[in-house]
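**Q** For reference, the chains in residue letters:
2 protein chains.
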Amino acid sequence: MTEQFLDVQQTPDAGVFRLHITRPICVGPPGNVFMFGGVGLGAATIAAERATGRKVIWSSAQFISYARVGDTLDLTVEVLSAGRNVSQVRVLGTDAGKLVLTVNAALGDREGLPDGQWITPPDMPRPEDCKPRPLWPVQDAALMDRLDVRLAPGRYGAGPLDGTPSSDGRMVVWIRTKENAPVDTSLLAIFADFVPSGLASAFGRRGGGNSLDNTLRIARIVPTEWVLCDVRISAASRGFGHGAIHMFAEDGTMMASGSQSAILRFMD
Amino acid sequence: MTEQFLDVQQTPDAGVFRLHITRPICVGPPGNVFMFGGVGLGAATIAAERATGRKVIWSSAQFISYARVGDTLDLTVEVLSAGRNVSQVRVLGTDAGKLVLTVNAALGDREGLPDGQWITPPDMPRPEDCKPRPLWPVQDAALMDRLDVRLAPGRYGAGPLDGTPSSDGRMVVWIRTKENAPVDTSLLAIFADFVPSGLASAFGRRGGGNSLDNTLRIARIVPTEWVLCDVRISAASRGFGHGAIHMFAEDGTMMASGSQSAILRFMD
Chain A
0 MTEQFLDVQQ
10 TPDAGVFRLH
20 ITRPICVGPP
30 GNVFMFGGVG
40 LGAATIAAER
50 ATGRKVIWSS
60 AQFISYARVG
70 DTLDLTVEVL
80 SAGRNVSQVR
90 VLGTDAGKLV
100 LTVNAALGDR
110 EGLPDGQWIT
120 PPDMPRPEDC
130 KPRPLWPVQD
140 AALMDRLDVR
150 LAPGRYGAGP
160 LDGTPSSDGR
170 MVVWIRTKEN
180 APVDTSLLAI
190 FADFVPSGLA
200 SAFGRRGGGN
210 SLDNTLRIAR
220 IVPTEWVLCD
230 VRISAASRGF
240 GHGAIHMFAE
250 DGTMMASGSQ
260 SAILRFMD
Chain B
0 MTEQFLDVQQ
10 TPDAGVFRLH
20 ITRPICVGPP
30 GNVFMFGGVG
40 LGAATIAAER
50 ATGRKVIWSS
60 AQFISYARVG
70 DTLDLTVEVL
80 SAGRNVSQVR
90 VLGTDAGKLV
100 LTVNAALGDR
110 EGLPDGQWIT
120 PPDMPRPEDC
130 KPRPLWPVQD
140 AALMDRLDVR
150 LAPGRYGAGP
160 LDGTPSSDGR
170 MVVWIRTKEN
180 APVDTSLLAI
190 FADFVPSGLA
200 SAFGRRGGGN
210 SLDNTLRIAR
220 IVPTEWVLCD
230 VRISAASRGF
240 GHGAIHMFAE
250 DGTMMASGSQ
260 SAILRFMD
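Residue numbers (numbering that gives the first Met the number 0), protein chains in the order written: chain A, 0 to 267; chain B, 0 to 267.
Hints were generated in silico from the structure; no laboratory data involved.
Where chains are identical, the list cannot tell them apart; a pair therefore holds if satisfied intra-copy or between any two copies.
Straight-line C-alpha distance at most 25 Å; calculated SDA-like pairs for lysine to any residue: (1) Lys97 with Gly82; (2) Lys97 with Asn84; (3) Lys54 with Arg264; (4) Lys54 with Ser80; (5) Lys97 with Glu77; (6) Lys54 with Phe265; (7) Lys97 with Thr75; (8) Lys97 with Arg83.
Chain A extracted, bound-state conformation:
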């Protein structure tokens, strides 16, 4: 069994968990290194799942301030309701009392109801036939070094960022961890935070945005090495961009969807 991608630690208080902020969970160029938003949501889902003994159905992080290398993120799980099948919680993520993020989530499983899938994965070559490309080019932090990201040549956001907007607002990538970490809710939370990278593709410009939130919905997780991430930007206006992501296993199962709004930032 490989280790979980995020090292969330138990504390003496059963409702409080801890994540030390280190370079391997951060992103950003020299001078502006910070915890990747999806890492914050992912850590909160681990805390919520351990505190309730249930699995995430949906979860949404609101990002209030940045966590930096050397900080400690304390994740406090408040149970707002606990039914027979579903728990609803709020998780507050704080560094030395300062609010970094707040996460709402529902967790649980119900038996005897029908399954269904109405969305299909986009037509993509196998990851072996795609090209590696970092989604965050210049980095002084190590999260992106831990991920293997592949784009299909000539398709779905693989064009040069030369100022030409994309016709369809779509970016499709295969992603896996280089350390073979298990694909779980927390890892899908991290992949879901690539929606702002889709803003770069949609506008055909370097940059993208700073996440205001990261909202994740888990259908079902099946064994897979690679995750196919289909990002679609819907619109940008008033200085903000909005988009969604669907994440598929190699066998075509839609494991999870996500959506996000971001403050537009361009670096060109």
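Chain A is fixed; fit chain B onto it per the hints.
**A** Relative to the frame of chain A, chain B by itself:
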């Protein structure tokens, strides 16, 4: 100027607003009448916009318990961060101290950044050429009497609910208010809560689900009478369903998107 669809009242406390729960903002069959979830999110967006003087960018409601006719929903706005362009808030909705819903939101506008729209409205006949159909058939409450909902004959969820699943998980409707209320964030929050009705179409069964959340993203709102609502169910598993909605003005502008997870419930 027509009146806003929801009568959210100011209180002596500048950060607290109030909504009286009456039949015209409720749904449900005899014996189980409750405030429509989208009404709760809509009222919270009004409270957040008045408290901050800014406009919603994204907002997400987590539904903890039901509000019933005769209850009073107190909406307390807590400002978590207030920047030059963006405010982030939490709104707690309570009835006599009991938590009904909790809403996270970001609000603001930024100038000088590019607009874009990458999603297009589905091909639909004009509302005049569509058929009225209530999305919530048997009602002992009056919210649905205030809405005019139109389905295109033979398309996008217009089939009979005879147990045959839909091939595409899609339900497309035109919606307007019968009282000509202005299309604003709060009204789009109500329309966004039709995602669970899309579960009925997707499974081809009566029912749908009880919302766990209602997440809304506002791009820009333009004058329109009718709103074209394109609901797409992605998947259902573990007893829960997940879907998204895009909402367009009559001129094709994507005004807002939404997403939701719901507890599956069927009535057949």
